[in-house]
Amino acid sequence: MATTTPRTRKRPALDRVVQTADRLFYADGIHATGVDTIADAANVSKATMYTYFRTKDDLVGAYVEGRSLAWRVHLTTQLAAADVDAAEQILMVFDLLARWFATDDFNGCPFINAEAESTTDSPAHVVNVEHRTWIRALFTDLASRAGTADPAATAIRLAMLYDGAMVGAHTEPQLPWAAEARAAAAVLIAQR
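Add 1269 to a position in the sequence shown, counting from 1, and you land on the number used in this note's numbering.
These aren't lab readings, by the way, just hints derived from the structure by calculation. No experiment lies behind these values; they were computed from the predicted model shown. Cβ coordinates follow ideal geometry from the N, Cα and C atoms, glycine included. Where hints are given, some of them may not hold.
Stated by the list, open to error - Estimated spans, in silico, between C-beta atoms of each pair:
(1) VAL1436 with GLU1399: 17 to 25 angstroms
(2) GLU1399 with THR1346: 15 to 23 angstroms
(3) GLY1416 with HIS1300: 21 to 29 angstroms
Can you build the whole structure from these sequences, using the hints too?
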């Protein structure tokens, strides 16, 4: 007879809470989504939820961390699979944004959205800073390999285009934000 450890039995509840919070926070917003709503939708009690997350802020931090990890894996996998130089990889980032913007469930940047609804001492803010640092480091590495004169400054400019495209696509989805950000990035890279 197989035995099930308490950790194995509890894991599906944790997964349901995290997946439900991810879906609801992204679709409806953090402040608009209450703990009761998440618990009901995840089919767990609030007590069970608080076993895993002491506060809603902790759950928001886990949500943003999950989104960050998923985006990092997606982005690095796509870039690594491409047989193109670093300059083209920079442009690919904007192509990947364009594909994301075209999906039915695109609701803006989860990091910008979470930052707008979080305080600077929240777990989400800490994860957002780490994510932003990672994005800049990625752009710095690519800009360096592309031969730009000042990779760090180029990375900041690319990050501004990246963020601007996400905000624009969320507020005015009918406009080609990713394509225009890509075009601006191409000009920036060509200046080397």
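Tested hints:
no.: 1; hint: VAL1436 with GLU1399: 17 to 25 angstroms; in the structure: holds (20 angstroms)
no.: 2; hint: GLU1399 with THR1346: 15 to 23 angstroms; in the structure: holds (19 angstroms)
no.: 3; hint: GLY1416 with HIS1300: 21 to 29 angstroms; in the structure: violated (45 angstroms)
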